[in-house]
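Asker: Residue numbers (the working numbering), protein chains in the order written: chain C, 1 to 327; chain H, 1001 to 1294.
Errors might be hidden in some of the hints.
Unchecked claim - Calculated pairs, PhoX-like style, for lysine-lysine (alpha carbon to alpha carbon, straight line, at most 25 angstroms):
# : chain 1 : residue 1 : chain 2 : residue 2
1 : H       : Lys1123   : H       : Lys1154
2 : H       : Lys1247   : C       : Lys288
3 : H       : Lys1123   : C       : Lys61
Hints are computed from structural coordinates only; laboratory data are not their basis. Everything numeric in this text was worked out from a predicted model, so none of it was measured.
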Amino acid sequence: MESVRKFGELHVPLRKDEDIFYYGKCENVRDIALDYRRTILPAKKYFFRPVEPLMTFDATKGYQPVEEDMDRKIVLFGIHPCEINSVRILDLVFGTDYIDNYYFNRRKNTVIVGLSCVPDDLCFCRSMGTDFAEDGFDLFLAELREGYLVRVGTSRGDDMVNGAKNLFRKPTDAELDEYKQRSNEVIKKFTRSISTTDLPEILEIEYDSPQWKDLGERCLGCGACSMICPTCYCFNVADEIALGTSGGVRKRTWDSCLFEDYALVAGGHNFRVNRAMRVKLRYLHKQKGFVDKYGRPSCVGCGRCINMCPAKIDVTEVINTIRGAVK
Amino acid sequence: MIQPTILSYPKQYMKGNPYVPQPARIVRIIPMVKNNWLFQFRFEDPELARNFIYRPGQFMMLSIIGTGEAPISISSTPTRPGVLEMCVRKTGRVTNHLYTMKENDLVGLRGSYGNGFPVEEMKGHDLLVIAGGLGMAPLRSFLNYALDNRNDYKRIILMYGARSPQDILFREELEALQKRQDIECLLTVDYAYDLPDVPKWRGNVGLLPELFSKVKLDPSTTYAAVCGPPVVYKFVLAKLLERDFSKDRILMSLERKMKCGIGKCGHCSVGYKYTCIDGPIFTYWDAINLPEII
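Next up, chain H with everything else stripped away, as it sits in the complex (with noise of 0.2 angstroms):
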């Protein structure tokens, strides 16, 4: 049984120096998507196990010793406490190193830092999340999030979209999705064909946007939370805009190159914000005011 997490505000969890990444290992390494993998943590500090907390959209600042530190979504839930997970692509330096190790290595891990998603003010109200190709990594979080405290929320509505079947993130956990009633889950490839190592697609082809010919939305009472390329938030925000959805009710996650993670070395900037302190979850209403955001 799952119990629901009652979320405090945690701005500095982690008590001392902000910049001193606490010991954590790596637990279990699941291959998911060629170059995206999910890697689960646990400090070892099992106190620091058991009670870190953190919010959905938030993430974490993963060092790799001797070779750096990068920030990183967390992908699992504050309701499923014990571990950690992170969908990790493959693509720099620390990410690199992190696929070559193994299972029980050491890492360091400080965070949670940014502002997450606002999950108490979206209470008693729908939730549309829609993610593209990689987006799905964060938002993840906050669709098991709000899953696992199902009664806080009215309808809850999922569309993904990923380039092909092979390049769908947590597929097996999605499909599964599908069959819940609770959760409308659409499912959408650009394009498949059959490989011999991945199970047959039967699902939607076409693009991410068409999926919302598929779904009646009240946009009143909904909450859009989107995150995905470029590409993904051009298309997504016209179709919602359209919509008349509330600018300060479309949530996007977006991502900078970071430093510190904790608001001072400037590197994340997006127009007159701070990606770590500021964000990562912008609404659409901060877009507007900030010319660079997206």
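Same shape as in the complex, but just chain C (with noise of 0.2 angstroms):
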């Protein structure tokens, strides 16, 4: 582990209570939580800031690009391959039509070494076809009995091999054949599914169904979901005027499509007025609006919405009610 280190500040998933994990800065090797599910906070905040400084104002100069803290060297290890591809999908966000610096230049500083998982029955990444990532890290380790099978996925991981070759070989035919072996049991302790086959017609098909007025009645819009979703990506935008100057930061912070003002408009007319309306678009953006997009869902299966909801509600029955597939 001490080899890494030359790529970067060291950060793992760490243990903060008995079932509670988060991505931190890893003083000491034995901390590093191997056996964790999921952390509070996705890895989006090591690219995406909580709050984020954007850039400087001043009455005379103007407005200056926030460039300190851009260039922080970080090697994120142990992320599990639904973040890996949820990181895949903020980069098709952040990428798209206009380039946000903020974001690709702490993603091009980051190096992801990703760690393979057995899933709770929280997890429904099969289902999204996000629980294996094809792309999105520098190395990933799958776990067999004795190490781990290293799949090497950037010139920048065959780097981190070359610095450490002493901890490398070439993996054995048994153990390829066990990591196949434990693909194969994986597979069967998914205990939680929805079906995305015609999801996006399905979800305009029930447009008008009552089920968005019921769910808006539950939600109690706190937006713990939008927080904690490895793929929610809006953001509030602000500026902070330093006391007694005529200075101050522009800054960014997370924001939430359930929030009363999420489409509040200056006059005071407000697009999404109930909250039945907000509960709704967070459905139809993540399976409709960003497939139509981007051509993929923005939900990897985590869980964390289903665990953090204050309210109970539950993603995959959402949508396995509006599917039809429950009664």
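Starting from the two chains in their separate frames, assemble the complex, guided by the hints.
Answerer: Below, the structure written as structure tokens:
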């Protein structure tokens, strides 16, 4: 582990409480929680910060982009396939039409070392096709009885291997066989699923379904599901003025489509005046709008929102009900 | 002599960080209607000021230092470069602050954003511009662009309805157009009464959709561009559909809350699309497929 530190500050899953994990700076490699399932905040916090200064402003000089903290090198170790896929989804958002430099500077300076996992009762990544990471990592470690089967995803990952040659060797046939066996076993462990077949069309058919109103009544509008969602990217922008001066900082902060003022415009008109409309947007955007634009849904089935919702709204249950699979 | 401009599609005209506004100065403030003034801006960078291109129907993100940022549609036409004109309604934090500013004050601008009107595709067709109230602000860009490239289009018809004579945006300009032979300029007001400091209204009194009875339209070759409050869409769209206008030749300019203008922040979503990237100009065909659009 020490050898990766020269590629950047090491960040890993850490245990906060018995079943609560978070990504944080690794002080001691023994703290790494290799058996974690999901962290509170997703890996997006490394690329798209919860609060991020965009630029400073001044009455005479105008606006100057913030560039500090942009070349901080980080090695993000131990992130699961669903999250690697979520980062690829964010790449689409921040890289399409206009390039978001803040995101891509951090993305470029972060090494991603993936880690295989075993699903629990909240995981439905298999339904979303995100239980396997095709790309989006520098190295990917798949757990075996003795050590890990390593996939090298980038040239930078190759450099890391070369930097610690004594730790790596060619896998034996028996080890490759074990990898396949483990893969077959993992498939059987999924207990939760949704079907995305025709889902965008079904959501359109069910646009006026009374279920949205029911959901609107259950939802508390707290926005927790957006904050902990690895693919939610909405943000708000606000200017903060330094006391006693004409200068300040323009910052962006994570936002949620469930907040009441999400579509409130100057003059007082709210385009999404009730909670049912806002909840519906969340589902329709992730499972239809995003598919239309980017060719895939913006959900990776990590189970965080099911776990976090204070009103116990379960995304898989909502979708299965909308599909008519559950009455 | 005004040179017609050939427009490329400026997706990211300003290079570099797309969030950072470029410094610009207020050149002139022209009060038009109560709480709806026309502001002229010029970029500080002379090269940018000279070469800044945009499409009619696009919008800018306007920053007021220390207050914030808001999306504002462009009222000027790229065929008359140098200054950018925006008709701004005094309604929120940013616009309230703007109304306290003076000529030569510094603001920030970034853009231009959005799809704009498909002015190339519309070549060789009749243009019907229908504005209600403040809807004239974005449509003025399109109207003047078409008039500056007059040979590219066949008939140009403007229908504009305001509440009363003192609510007409660009009144002098539009009354001057009524004298031109190459545009049919129909103005109407919902009601009129004489005020001492407003020129007497000698034009039509009646609701905007009633203007349809005053012109003969050829829907087979006409593009209609509509902008106004929701009630305008309701009645004007009905009139157009009655006449069998193709649904993709009915164009509407929409407004939503925006924080980034570049398809990231999410606030401007209509149905499954983003107003800032997929709009703000949507066709009626889009509207049928986007349940929340109007």
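Asker: Lys1123/H and Lys1154/H: Cα distance at most 25 angstroms?
Answerer: 8 angstroms, holds
Asker: Take the C-alpha atoms of Lys1247/H and Lys288/C, compute the straight-line distance between them, and say whether it is at most 25 angstroms.
Answerer: 23 angstroms, holds
Asker: Given the proposed pairing of Lys1123/H with Lys61/C, does the C-alpha separation stay at or below 25 angstroms?
Answerer: Violated, because 43 angstroms separates the two Cα atoms, which is more than 25 angstroms.
Checked against the numbered hints given earlier, this structure breaks only hint 3.
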